[in-house]
Amino acid sequence: MLEVNHLTVKYGAIRGVDDISFTVNKGEIVTLIGANGAGKTSTLRAISGLNKIAQGSSIKLNGEEIGNIAPHKIVEKGICHVPEGRRIFYTMSVRENLMMGNYIHGMSDFPKKLERVYSLFPRLKERDKQLGGTLSGGEQQMLAIARAMVTGGDMVLFDEPSMGLAPLIIRDIFSIIKELQCEGKTILLIEQNANMALSIADRAYVLENGRIVLSGPAAEVKADKQVQRSYLGA
Amino acid sequence: MNNIIQLLIYGLQLGSVYALVSLGYTMVYGIVRLINSAHGDYLMLGAYTAFYVSLLNGNNLILCLLGAMIASGLIAMLSDQLAFKPVREQPKFSSLVTALGVSLFIQNLSRALPFIGPIPKPFPTLITKKLYNILDITVSSTQILMIIIALILLFLLTYIVNNTKIGRAMRAVSLDRDASALMGVDINKTITITFFIGGFLAGAGGVFYGIMYPTIDVSIGSLLGNKAFIAAVIGGIGNLNGAMIGGILMGVIEIFATSINADIGFGVFYLILIIILIFKPAGLFGKLTNEKV
Ligand SMILES: Nc1ncnc2c1ncn2[C@@H]1O[C@H](COP(=O)(O)OP(=O)(O)OP(=O)(O)O)[C@@H](O)[C@H]1O
Ligand SMILES: [Mg+2]
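Chain order of the listed sequences is A and B.
Under my numbering, the first sequence has 884 at position 60, and the numbering climbs by one with no breaks.
Under my numbering, the second sequence has 211 at position 133, and the numbering climbs by one with no breaks.
FYI, nobody ran anything at the bench for these hints, they're computed from the structure.
Quick caveat: nothing in here was measured; it's all calculated off a predicted structure.
Among the hints, erroneous ones may be present.
[What the hints assert, rightly or not] Pairs of lysine-lysine, DSSO-like flavour, derived with a Cα cap of 27 Å:
id: 1; chain 1: A; residue 1: K876; chain 2: A; residue 2: K936
id: 2; chain 1: A; residue 1: K897; chain 2: B; residue 2: K267
id: 3; chain 1: A; residue 1: K897; chain 2: A; residue 2: K834
id: 4; chain 1: A; residue 1: K1002; chain 2: A; residue 2: K936
id: 5; chain 1: B; residue 1: K243; chain 2: A; residue 2: K901
id: 6; chain 1: B; residue 1: K163; chain 2: A; residue 2: K897
id: 7; chain 1: A; residue 1: K876; chain 2: B; residue 2: K208
id: 8; chain 1: A; residue 1: K949; chain 2: A; residue 2: K936
id: 9; chain 1: A; residue 1: K901; chain 2: B; residue 2: K163
id: 10; chain 1: A; residue 1: K834; chain 2: A; residue 2: K884
id: 11; chain 1: B; residue 1: K358; chain 2: A; residue 2: K876
id: 12; chain 1: A; residue 1: K949; chain 2: B; residue 2: K243
id: 13; chain 1: B; residue 1: K170; chain 2: B; residue 2: K358
id: 14; chain 1: B; residue 1: K243; chain 2: A; residue 2: K953
id: 15; chain 1: A; residue 1: K901; chain 2: A; residue 2: K876
id: 16; chain 1: A; residue 1: K953; chain 2: B; residue 2: K163
id: 17; chain 1: A; residue 1: K897; chain 2: B; residue 2: K243
id: 18; chain 1: B; residue 1: K267; chain 2: B; residue 2: K243
id: 19; chain 1: B; residue 1: K243; chain 2: A; residue 2: K937
id: 20; chain 1: A; residue 1: K884; chain 2: A; residue 2: K1002
id: 21; chain 1: A; residue 1: K901; chain 2: A; residue 2: K834
id: 22; chain 1: A; residue 1: K901; chain 2: A; residue 2: K884
id: 23; chain 1: B; residue 1: K170; chain 2: A; residue 2: K834
id: 24; chain 1: B; residue 1: K163; chain 2: A; residue 2: K834
id: 25; chain 1: A; residue 1: K876; chain 2: A; residue 2: K897
id: 26; chain 1: A; residue 1: K884; chain 2: B; residue 2: K267
id: 27; chain 1: A; residue 1: K901; chain 2: A; residue 2: K1002
id: 28; chain 1: A; residue 1: K850; chain 2: A; residue 2: K876
id: 29; chain 1: A; residue 1: K850; chain 2: A; residue 2: K937
id: 30; chain 1: A; residue 1: K953; chain 2: A; residue 2: K937
id: 31; chain 1: A; residue 1: K936; chain 2: A; residue 2: K953
id: 32; chain 1: B; residue 1: K170; chain 2: A; residue 2: K876
id: 33; chain 1: B; residue 1: K243; chain 2: A; residue 2: K936
id: 34; chain 1: A; residue 1: K901; chain 2: B; residue 2: K267
[Claimed, not checked] Every beta carbon over 10 Å from chain A, so not counted as near; a handful from chain B, in silico:
id: 35; residue: R111
id: 36; residue: Y130
id: 37; residue: I148
id: 38; residue: S188
id: 39; residue: T220
id: 40; residue: S297
Just so you know, even glycine gets a beta-carbon here, dropped at the ideal spot from N, CA and C.
Throw the hints in and build the complete structure from the sequences for me.
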């Protein structure tokens, strides 16, 4: 479904991502793990068009090159991205944030989508009119996920959805990701919480200094000695 | 007492002009963090458009207003496409210098164009002046019409920004450009529309200015633009309500100050600006942002 080849992202002289290639097949959960600054966010931002990619890089969605098109067009092609740090709109209400999620769609289906995400996140329903900036961190993350669900798309990119959340909420969020997979969505997941990520993922790639150093089925990566020492605290 | 109410009405009339122009500054600042010093020049061209519309079609207020607003809006949009868009990803300083360049370009080009030229032109009388006496207070039809039209425009703008899809997109882009792009918002299109709306309102400001001070020349934009910009800063730049209230407040204050001494009108603007910036650096309604990440 998604095919990334020789992706390089440059920030001036620095290479945030240095010639990586990977694929995500339809219906899979694939996770990218790596330490701070390994290039995970840069990779996701390149996929959704927010970061310019260097020459020679290629990003294909269902065979179509999307490497150099504007982010709003990539959304229309069916990739939606839950960004690092939630990035909800602080001075908009919960509902307005969700309406922004619905931006590329007509309003006729919105009530149905609203009902669905509100049944999944009752806390958001209670806070329908509250401003996004006044939500707690966990509620903000729920809003970010709900907003992406309203946007829809066959492929969902998650950038550290568990950041700063209590273990109980993390469990909820991971079960929602799993549920999205069951609905037929394809998922690319970035996590610091490598343990959790590897337990729900089908396959994994390990990034170090902008390069892929290990890849394989999640269970194998989880069993790797080096990975256990570096990311799983074993 | 009657005198005070009369001055107040006069102040509201002038203030509504400032409010219309301030809004453009504040909207454009909100969405691209640019202080667009060419904003005043859009309204100058709008005023000239009204001048020619009236020359061709007679003194029809609505036609002249529409002509001016659309012309100013289109010129604002064009300046965004031609001048600001190419430097959008560059450091802020580039846009600031570009804005100064656009302003100089518009003013000097206008001076050289045969149908604008360096010599001031008399602005047509678009509203037949009738005086009404209500409880010993004299108000003119001009004042009533101007205040009503300005209020309608301000209301319309608030409605669009708060309740429509494009308005939400404008707010979203102001808040977080990347996140908006991830929702499918076309950032450049949204910015261009913001320029258009800002110019559109400024065009009305230009016509109203011509009605109040019926001689127009190429520099009316800088004069009115400066005052409106200060009003926007006083209200809290980036804040729509702030721009409206700041504009109206400054109009009222200017009229009262001028009634005391004709020369201190403009000085008062700077005095208030300095006082506000000392005690409320972000303006009356601005917030020094402090957001949870
Ligand atoms: N806008 C930028 N300008 C310059 N360098 C950047 C920029 N964004 C990222 N980088 C650099 O690129 C490298 C990769 O950053 P990236 O944000 O992709 O890491 P990450 O794997 O997501 O890390 P984390 O787990 O901390 O979020 C880092 O060295 C970072 O400093
Ligand atoms: Mg990151």
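Hints, verified against the model:
1. About 36 Å separates the Cα atoms of A:K876 and A:K936, which puts this hinted pair outside 27 Å; it is violated.
2. For the given pair, A:K897 sits about 13 Å from B:K267 by alpha-carbon distance, which is consistent with the 27 Å threshold.
3. Pair hint A:K897 plus A:K834 holds up; C-alpha atoms about 22 Å apart against a cutoff of 27 Å.
4. With a C-alpha separation of about 22 Å, the suggested pair A:K1002 and A:K936 falls inside the 27 Å cut-off, and the hint holds.
5. A hinted pair counts as satisfied when its Cα atoms are at most 27 Å apart, and B:K243 with A:K901 qualifies at roughly 21 Å.
6. Distance hint between B:K163 and A:K897 is fulfilled; the C-alpha atoms sit about 19 Å from each other, no more than 27 Å.
7. Straight-line distance between C-alpha atoms of A:K876 and B:K208 comes to about 62 Å, which puts the hinted pair past the 27 Å bound.
8. Between A:K949 and A:K936 the alpha-carbon distance is near 13 Å, which keeps this suggested pair within the 27 Å criterion.
9. Our distance criterion of 27 Å between C-alpha atoms is met by A:K901 and B:K163, whose separation comes to about 25 Å.
10. For the hint linking A:K834 to A:K884, the alpha-carbon distance of about 19 Å falls within 27 Å, and the restraint holds.
11. Taking the CA atoms of B:K358 and A:K876, the gap is about 40 Å. The hint is violated against a cut of 27 Å.
12. Distance restraint check for A:K949 and B:K243: the Cα-Cα separation of roughly 22 Å lies within the 27 Å cut-off, and the hinted pair is therefore satisfied.
13. Proposed proximity of B:K170 and B:K358 is supported: the alpha carbons are some 24 Å apart, at most 27 Å.
14. A C-alpha spacing of about 18 Å is found between B:K243 and A:K953, which places the hinted pair at or below 27 Å, so the restraint holds.
15. For the hint pairing A:K901 with A:K876, the CA-to-CA distance comes to about 18 Å; that is within 27 Å, so the pair holds.
16. Pair hint A:K953 plus B:K163 does not hold up; C-alpha atoms about 35 Å apart against a cutoff of 27 Å.
17. For a cut-off of 27 Å, the pair hint linking A:K897 to B:K243 stands: about 18 Å separates their Cα positions.
18. Distance check on the hinted pair: B:K267 and B:K243 sit about 13 Å apart at the alpha-carbon level, within 27 Å; holds.
19. Between B:K243 and A:K937 the alpha-carbon distance is near 17 Å, which keeps this suggested pair within the 27 Å criterion.
20. Distance hint between A:K884 and A:K1002 is fulfilled; the C-alpha atoms sit about 24 Å from each other, no more than 27 Å.
21. Under the criterion of a C-alpha separation no larger than 27 Å, the hint pairing A:K901 with A:K834 is consistent with the structure, at around 25 Å.
22. For the hint linking A:K901 to A:K884, the alpha-carbon distance of about 11 Å falls within 27 Å, and the restraint holds.
23. This hinted pair checks out: B:K170 and A:K834 have alpha carbons roughly 21 Å apart, not beyond 27 Å.
24. Taken as a hint, the B:K163 and A:K834 pair is honoured in the structure, with Cα atoms around 23 Å apart against an allowance of 27 Å.
25. Distance restraint check for A:K876 and A:K897: the Cα-Cα separation of roughly 15 Å lies within the 27 Å cut-off, and the hinted pair is therefore satisfied.
26. Restraint check: the Cα-Cα separation between A:K884 and B:K267 comes to about 26 Å, which is no more than 27 Å; the hinted pair holds.
27. Between A:K901 and A:K1002, the direct Cα distance comes to roughly 22 Å. Compliance with the 27 Å bound is thereby established for this hinted pair.
28. A threshold of 27 Å between alpha carbons decides the hint, and for A:K850 with A:K876 the separation of about 25 Å falls inside it, so the pair holds.
29. Of the supplied pair hints, the one linking A:K850 and A:K937 holds, its CA atoms being roughly 23 Å apart against a limit of 27 Å.
30. For the given pair, A:K953 sits about 17 Å from A:K937 by alpha-carbon distance, which is consistent with the 27 Å threshold.
31. Distance restraint check for A:K936 and A:K953: the Cα-Cα separation of roughly 18 Å lies within the 27 Å cut-off, and the hinted pair is therefore satisfied.
32. About 20 Å separates the Cα atoms of B:K170 and A:K876, which keeps this hinted pair within 27 Å; it holds.
33. Our distance criterion of 27 Å between C-alpha atoms is met by B:K243 and A:K936, whose separation comes to about 19 Å.
34. As the CA atoms of A:K901 and B:K267 are separated by approximately 19 Å, the hinted pair is consistent with the 27 Å bound.
35. With a cut of 10 Å on Cβ distances, B:R111 stays outside the contact zone with chain A, its closest approach being about 16 Å.
36. With a closest Cβ-Cβ approach of about 39 Å to chain A, B:Y130 is found to remain outside the 10 Å limit, as its non-interface label requires.
37. No beta-carbon of chain A comes within 10 Å of the beta-carbon of B:I148; the shortest separation is about 27 Å.
38. Against the 10 Å criterion, B:S188 stays outside the reach of chain A, whose nearest CB is about 35 Å from its own CB.
39. Listed as outside the interface, B:T220 is consistent with that label: its C-beta sits roughly 38 Å from the nearest C-beta of chain A, beyond the 10 Å cut-off.
40. Taking the minimum C-beta to C-beta distance to chain A, about 37 Å, the non-interface status of B:S297 holds against the 10 Å cut.
Comparing the model with each earlier hint shows violations of hints 1, 7, 11 and 16; every other hint is respected.
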